[in-house]
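Novice: Modelling step: build the complete structure from the supplied sequences, incorporating the hints.
Chains as they are written, first to last, in numbering that gives the first Met the number 0: chain A, 0 to 287; chain B, 0 to 404.
Treat the hints with care, since some could be wrong.
Stated by the list, open to error - Derived pair list, reagent style DSSO-like, types lysine-lysine, alpha-carbon separation capped at 27 Å: (1) K182/B x K145/B; (2) K144/B x K280/A; (3) K144/B x K119/B; (4) K145/B x K116/B; (5) K280/A x K88/B; (6) K22/B x K88/B.
These are computed hints drawn from the structure, not numbers from a lab.
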Amino acid sequence: MNRRTFWGFTVPSVIVMLALMVFPLITTVWLGFQKLLLRDLNNPQWIGFDNYTDVLTDPEFWAAFRFTMVFVAVVVPVTMVMGLGVALLLDRVGRGRSLYMAALLLPFIVTPVVGSLVYKDLFERGGLIAWLWEVITDDPFAVDASNVKWLIIIQSIWYVMPFAMITFFAGLQTLPEERVEAAAIDGANFLRNLWHVILPHLRVLILFVGLITIMDAYRVYDQVFVWTGNRFTDAHTLSVYNVRVATAYDIGRLGKGNAIAVLNVIGIFVVLIPFLWRSYKDQIEERT
Amino acid sequence: MDPTGVAGLCRRGVKMSTVTLDKITKIYPNGFQAITELSLTLEEGEFLVLVGPSGCGKSTALRMIAGLEDISSGDLYVGDRWLNDVQPKDRDIAMVFQSYALYPQMTVAENIGFPLKLRKISRRERQEQVWQAAEILELTEQLEKKPAQLSGGQRQRVAMGRAIVRRPALFLMDEPLSNLDAKLRVQMRADIAGIQRELGVTTFYVTHDQVEAMTMGDRVAVIKDGILQQAAAPEALYDNPDNVFVAAFIGSPSMNLYEATLSEVDGHYQLQLGDQSLAVPEQILASRPALRDYLDQPVVVGIRPEDLEDAAVASDHPNDQRLDAEVAVREALGAETLVHFSIAAPSVDSGDPDALDELGDEDVSRCTARFSAATRTRVGDRIRVNVSTEKLHFFDRRTHLAIRT
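Specialist: So, in C-alpha cells, the structure goes:
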C-alpha cells in the first residue's frame, strides 16, 4: 500500500475520531477549569481547581456517588446471576423457546424512558401494583425517598437482565455436549457441572457482560430521571447529578458540570481496572 | 507404553465384570427406532467392538450403556446389577469420547484426576494414581500443560487417562481414534488394545472403521440399521460372514459380490458369471449340500479380492477356474497390487450406505483383485484371472443370508 492510499483510508476516520471524541474530551477538561454559566456563555474565567473542590465538598455529589456505587454493586451481580439462571432454564425449554425468549427480551427492546414511565405508573396512585398493595395491606402505597431507590434498582435489573440472559444463552449453545456428558459420567452433579464445565466455558462472556453492565450501571440516567425528576435528590446518580448541576436553576454551572464529567470518566476507569487487567492477562496467556 | 506402570495399576485390583444387553431397544419420541432388540454379552475382560456404517445406531447403543440415553425397552446388566435406571455417574463406567471432551481450563493432571476428585479421594492418593496413569500413557512430561498445548494424540491419551484412573467396571469408547491422522491411528490402535489387555477391563468400543474393529476386538459385532447382523471373532467374521452385508462390510477392499447362476453340466458344476463361467469343484457342493437347492437359480456369489490372482503369476491354476478381464485401474501398493476391472454380471447392493454406488450399466460391475506384487499387468491389458473357487462365498439372493449347510 502506498502512502496516498494509506492516508486516503485512514484520514476520514481519524477526522471523525478527533471531532467526536478527542476534541470534546479536551474541551471538557479545559471547561472544567473555567467558571462558566449557561446564562453568561461569553465570559469564561480561569479558576483552576475551584470547580473540583466545589464538587468534592458538595454533599449532593457524595450522596450521588454513594447511590451510584450501591446501584452498581447490587444491579450488576444480581443481573448477571439472574441472567445466567434464566439462560440455563431457557436452555432446557424444548417447546415454545422463542416465545419465552421474546417475552424475556421485551424490557430490553422498549426505550428506557418509556419502560420507566410504564413501570413507574404501576406504583403511582391508580397503578396496578399500588392498588394491589392497598388491597392486600390496607395501606395506601406511595413512592417516597426510602423506597424509590429500591424501585429504581429493581426496575434496572428487570431492564438489563435480558442482555445478560441472551448473551449467556448464546454462549450455552456453543457448549460442547460431549464435555457435559463426560462430566456426568465422571460423577459431576449440577453444581459441579456448573462450576467445572459451564462457567469456564462462559468465562469470556461473563467478563464481557460484566464490563458492559458495570459501565451501563455507572452511567445510569433514564430510569433515575423518570422516577425522581427534581424530587428525591437523595436517589440521584452521578449522571443525574451531573446534568442537574449543569442545567438547574437557570444558572447552569457548566464549568462545574464539566468537572463532574471528568470525575465520572475517571471513576468508570477505576471501577473497570480489574476487568481490563483480567482481559489483558487473558490475551497474554493466549499468546503463550 | 510402560508395562510396569500397567502392572502397578493391575495390582490395585481391577473389577472384572460381564456386561449383558438383553433385547435392548431404542425408540425416539419421533418414532424412529434406532436400535432393535440388541442382545450381546461381554465376557469379563473382553474387548468387544461394535462396528457399522454411519447412522446404524452404534453410538446410540453405547450411549444407552453409558446412561446418556434412556433405554426404551430391554435390560442392561453389569455383573448382576440391573442398570437401566441408574445415573451415569453411578454406573461405574468410564467413557472416552470422539472429541476427547477434556476440560480446557484444567491441566492434564487435573483432567485425569477429575473423576477421582469428584469421588472425594484424598489429594495424595489422587496424585499417586494420576501419576501411575500418566506413566502408562507416557504423559508424565505433560502433566502441567493445558489441553490446548497438546497434540491430538496426546489429548487422546489424556482422555484415556481420565478413563483408566477410575478403575471402572467397564470402558466405553466412542470412535476415540477418528480425529487422529492415519499414522497415529495405527499406533494408538495397538496401544489402546495393549492397555486394555493389560488392565483386563471389559471394553465396549464403537467405530465405523472395520479395520479398527478387526485389529482391536476380541470379538466384533456388526450392526446395520439398529439390528445386530453378526457377532464373532474377527477371523470367523471374515471367513464366514452370515450375510451379504457383513461380507461386504468386513474386509478392505470389500468382497466382490455378484448375481450368478450355479448349474450342472455333464455332471460338472459351473458358475455362470455374466458371459463367463467358472468350474466349481465337487467339494464345494459336498460341504454345502443346501447349494443343490439353488441349482439353475440366481444366487449371490462373493469373491474376496485376495482370492483372485494374475494368471501370468500363478500359471498352474486350472484353466476352467479363470476369468477374462481388461485392467481398468492399477494401484501398486508395494507388497501387493490392486487391480480393478469390470465383470459383466449384475452387482449386489450390500445395504451399506457408505459404499460407493455402482456406476453406469447395471449389468456390468466393478471387481477388485489383490494380485501379488510380481504382476506385470498394465492398464488396458487383457488378462486372465485365477479364481480360488474353493474360497467362494454363496448367499441367498432374496434373504441375503449365507448358504453354508
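Novice: Now, for every hint given, state plainly whether the structure supports it.
Specialist: Checked hints:
1. K182/B x K145/B: holds (24 Å)
2. K144/B x K280/A: Holds, at about 18 Å.
3. K144/B x K119/B: holds (23 Å)
4. K145/B x K116/B: holds (18 Å)
5. K280/A x K88/B: The given pair, whose Cα atoms are some 36 Å apart, is violated under the 27 Å limit.
6. K22/B x K88/B: holds (24 Å)
In the structure shown, a violation is registered for the earlier hint numbered 5 alone.
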